[in-house]
Each structure stands twice: as C-alpha cells, then as structure tokens.
Amino acid sequence: MRRILTAAALAAGTALGFAGAAYATDLEVTHWWTSGGEAAAVAELAKAFDATGNKWVDGAIAGSGGTARPIMISRITGGDPMGATQFNHGRQAEELVQAGLMRDLTDIATKGKWTEVVRPKGLLDSCTIDGKIYCVPVNIHSWQWLWLSNEAFAKAGVAVPKNWDEYVAAAPALEKAGIVPLAVGGQPWQTSGAFDVLLLAVGGTDAFLKVYKDKDGEFAGGAEIAKVFKAADDARKMSKGTNVQDWNQATNMVITGKAGGQIMGDWAQGEFQVAGKVAGKDYTCLPGLGMSNALATGGDAFYFPLLKDAEKAKAQEVLAETLLDPKTQVAFNLKKGSLPVRGDVDLNSANDCMKKGLDILAKGTVIPWTDQLLSQDTQKQKEDLFSEFFAKPDLTVEDAQKRFADIVSSAD
Amino acid sequence: MASTMSSAAKRPSRLFRNLSAKIASVPMILTALVVFVGGTLWTVLYSFTNSRLLPRLKFVGLDQYERLWATPRWLVSIENLAIYGVLSLIFSLVIGFVLAALLDQKIRFEDTFRTIFLYPFALSFVVTGVVWQWLLNPDFGVQAVVRSLGWESFAFDPLYNSSIVIYGVLIAALWQGTGFVMCLMLAGLRGIDEDIWKAARVDGIPAWRTYLFIVLPMMRPVLITTLVIIAAGIVKVYDLVVAQTSGGPGIASEVPAKYVYDYMFFAQNLGQGFAASTMMLLSVAIIIVPWAYLEFGRRR
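Protein chains in written order, with the UniProt record's numbering: chain A, 1 to 412; chain B, 1 to 300.
Do not take every clue at face value.
[Stated by the list, open to error] Below are the DSBU-like pairs computed for lysine-lysine, each with C-alpha atoms no more than 30 Å apart in a straight line:
{"no.": "1", "chain 1": "A", "residue 1": "Lys392", "chain 2": "B", "residue 2": "Lys236"}
{"no.": "2", "chain 1": "A", "residue 1": "Lys215", "chain 2": "B", "residue 2": "Lys236"}
{"no.": "3", "chain 1": "B", "residue 1": "Lys236", "chain 2": "A", "residue 2": "Lys213"}
{"no.": "4", "chain 1": "A", "residue 1": "Lys132", "chain 2": "A", "residue 2": "Lys121"}
Worth flagging that the hints you see were computed from the coordinates, not collected in a lab.
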C-alpha cells in the first residue's frame, strides 16, 4: 500500500516537475496592497502560487505606491532584487528595463499565448518595450468614474445628475443643504487625476490624446483646453470644505452623505461595498462623468527582476503563468474590485457599476492612461500644479493653464 | 636648554607624534573624505546631467538649475524655509533662554519643570507632526475646544489655510525643540561663576541687565553650539512637514528637503533632485563660510 502511495507521489512529483516546480522555492513578492480588500486579494495570489509547490514570501510595503516604489527601485538597483514586484504597468519601471535589470518574459508569453488572451490589447502593449514583454498585467483599473450619493441629492431636493454639467448646476442646492458638493482629498495624485478625468470627459478623447500622447503644448494652452480648466475651476469651487487627506476618507464623505460626489477610480467601489451600500439605490456611478464613453485601462502588473539563481528564475516563470490563470484572475479581481485582464473569464457576481465598465470594455472604447503616456517626472509636475490649483483660490485659471501648457511642452 | 634640545632630537617628525592615535582615526578620516566630501562632489557633478531613475553621465549644462528656479514649488519651498528658519531661530533662542533664566531662579521642583519642558524633545518629529495635526484640526482641536466654550466665531485653522500653514508647522517645531535649547542654556547659566553674580549685585546692577549684558556674552560657546544645532535642524526639516501637512494645502508648506526627496525618488528625476540639493548645500555654505572665517580665522 505504502509503496503504491509513494509511487503515486513520485509520479505526481514528476508531473509537477515537468510543469516547472519539483520542490519548493521561496520567492519574495513585493507590493503595496495593504488595505483590507487589497490584502484579501493578494492572499488569493499567494494561495494560487503556493498550490504550485512553491512558496510566496509576502513583501507588502505599507503607505501606497508613492512610498513603496522608491523602496522597490532602490532594492533592484542596489543589487538586492526580490523575486517579483508590483508596479502600475506603463512607464514606472521603464528605466529599470532599459538598464537590463528586469527579466524578459517574451518566451513565456509566447508559450502562454498572452497576446490572444489578454484583453484589451493595450494592456500588453504597456508591458512591451522594444518588442519584448516585461510584465504580467493582473487587473484593470479605470479612473473615469463619478460616484454620487443619492441620499445627499434627495436631501438637497434635486434629482441625481446624469452628467457633469447637471452636477455643476446642482451644486448650489447641495451647498444650501450644508453638503460639500464634491469631495476631493488633499493628496496630490487625487487632484491631478480628477483633472485628467475632466480633460477626457469635457475635452473628449481626441483632446486627451493630443495633450498627453502627442504632448502638444500649444493645443494645451488653447481655447479647447480652456473649457476643461473652466470645469476644473468649477470642481475647485465645489470641493471647498472637504478638509480630508486620503481618498477613502473623501469616499467616506460620499458614503455618509456629507458630500454630493467624488471623482475617483473604480477602486472606490470597494469602499461602498464594505459599507454595505447598493449601486443604483444608495449611490450612483457615472463612468466618464456621464459624458465620455471611453475608459482608460490603467492597473497593476508584476515585473520580474533578472535573477542569477536558476531555481528562483524557474519559480518566476511559474508565478507569471499563475497570475494569468483564469481561476486566479477571477478570485483575485473579485476581492480587489477590479476587472480581470482576460476576456474569457466569467464574472457572475459583478455588480451594476462593474457591469457598466465591462460593457464599455467589450465595446473596445479603451484609451491609454497617463501612467502609460507620461514619465513619472511629468506626472509629478502635474501633481504639484493641480494640488496648488485646488488649494489656492487666487491662482487664476489662465495662469494655471499657461503653466499646464509649459509642463505639456516639456513633457516626456 | 639642554632638555629642550634633547626632546627636539627625540621627535624626528611631527607626523609620527601620537602615531597610535593617528592610526586609530584613519577610518574616520577616510569615512569623512569618501562619504561626505566624495558624496558631495558626486552629487554636484551629477546635478549637471540629465540622470533620471539611474545616474548617467550625460551633461546638459545648467538645464536642471534653470528648471529648478522656474518651478513655483521650489520658490514656495525656499520662501517657507526662510520664514520658518528665521522665526524658529529667534523664537527657540529667546524662549529657550527665558525659560532657562526662569528655572535658574533656584525655584522649587526645578527637576519637574525641566522634565516637563524637555519631554517633547523625546518625541520624534513624526510623532510631533501627527500630534499637532490633530491639535490644529478645526473639527477636533483648539478651534473646536474654544468654540465649545462659547466663542462661536473663533477661527484658528492654520493647517487648512495656505497663507499661514507654515506658522502651524513652526508652532509644532517650537513645542518640540525649545525644551532642548532651554537645557543647553541652563547648562551655560550654571557654568557662570557665582562670584560674577555677587560682583554684579554689589555694583547694584539689576538682574535682567546682568543676564543680558554680562551673563549672555559669557555664554558665547554655549550659544554657538545651540545655534549650530538649531540651524542644522532648520535646513533639514522634512519629517515634521511630511507628518503634519504632507506639504499641503496644495504646495503651501513645502520645504526644500521634501522637494529633493520627491523629485529624486518619486518623480524618478535624479538630476533635478541633485540640483535642488546642491542649491541647499550652496545656501548653507553662503551662511557658514563667512561666519566660520570670522569665528575661526581671526584667531590666527
């Protein structure tokens, strides 16, 4: 009996070995997913990786991407690379790849037919540098959402708006009812992101791409973008009195009806879910602020530093395959509140807002987001400008636009 | 005469005097040269390049500096540092000295008071920042307390007002730092000979004049030590701002050190960060060099 079991185990071992891992290899994975929902989502990835016979060593870094990325980068450049690390795909790891510090995944991608399964196609493009694939996208997040509190609008006695213009028109009524019309937290990326969303919604897809893709400074200083700045000025006035820092605190103002709405990415959805709110009944979501039909596909991806250790390199391959596995994709993204990167998986439990998003994705109206289009340097300059713009009422719209145009002209 | 000659003959070279002590200090000298001087030169050199995430030697002249001085955030940072620096220097010296002079009156429970005043110094700037973030929060802190006492229109929310936010940071810094200045000053006061006081009293000089015109000038070494410690703290102020305001609202409480960090590591633009840190070094040098020359050069 025992002999048969041993044989079976051996056979299983051989089979597994063929798949890439005969014995456990520890692989350290760093990421900045530390909030409740995020940690639960990471646990799914770890579970799936452990099931392959390897061991996921969790290297969570608290304090959001801004804190985590410098630590990750200095470990990689300092010669102490981890097994795998999260970045937002796009240009955050661009120079690490160019310096030859990251692993080329093209072979694994060809084997796994990633170009066929990953949807939308743009995702894999942002992992590709000089024709080679360097990262595994794991989810899709989009910024272009307006979250509205139905309770706040009922209290103010106005109908829940269907687009940005109606929302601006409703702002005085909200203010009269003692409600902050638009919650905008104090962290720089929030104001800068809100402006980008307005640019896409008010200016349209072409204008968005002309500014951020073609980096046309003259256009950015022109009349069409002036309209966007007018909208940003409205947003600035509506956001007066927010007085919170973190995005989830701002979202909480919408959840509790203290604020009318918030421009925030789909990760805000998790907060509504945790608070037990129902989409359509307690809150309303407007993708593209109800004006634009395009969604940008930012998101998270895993990059693999080049390692000398052959065993670990093998474990990296296994992890890369595991991350794109349909089962892992569903388990991870349901917990994370994001959309999977595969078109061939089924998300039955998606709620109304997620379905709206899936619809837009299915129609294929997706555009690249600033993470993919702009360098971190330009992003930071933009953040500095808009955090000043939103906090300082005496910075005029004209001055701000002029500075914006300067940033765009010198952008890379 | 003969003994001087023999001792002169015994030591052939000044280089080998106290040889063991010199050997022992070699590692420290090397560290200072390589880490401080070397690192500084390296930073200055690379500030003339267009290094992004990784340092690379591709020179672009003064581009980084031109961009730096055209950046509103840098100008705001410099202005903030100037306000914060001048005021925190003046106030921590004045308050510290007054507290020390008061404690010096041979009062009861001196130890207790000293502990109370020095206690904030045991907290890091990060903790200080968070504490004062709450104290100055209009909904929970000072403003809310005063309002609940009946003054409904009382407004004190420096952290949410762009034009005065730096004073909110200053208050926190003074709360944290003056106790330490007081201790240094107290040590200086205790080092003054009793006889000086007796002489002043015999001459009928009032106590405040004795402090100001006799004791204070005698405390010169202590004052200089204090000055250096405070000044170093001012230039490198970073953690307090990060914890208390994260530079906000907007960019109203940004400081140069935070600009350096943000551009080096967050914006992945080493060249820009190096240019900013070189400017910080330069401004320190402009203040320190003439002073050091006057202070130490004169004695030769």
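So, going through the hints one by one against the coordinates:
Restraint check for Lys392/A and Lys236/B: the C-alpha separation of about 26 Å stays at or below 30 Å, so the hint holds. Restraint check: the Cα-Cα separation between Lys215/A and Lys236/B comes to about 36 Å, which exceeds 30 Å; the hinted pair is violated. Among the hinted pairs, Lys236/B with Lys213/A is inconsistent with the structure: their alpha-carbon atoms are about 38 Å apart, more than 30 Å. For the hint pairing Lys132/A with Lys121/A, the CA-to-CA distance comes to about 15 Å; that is within 30 Å, so the pair holds.
When held up to the earlier numbered hints, the structure conflicts with 2 and 3 and fits the remainder.
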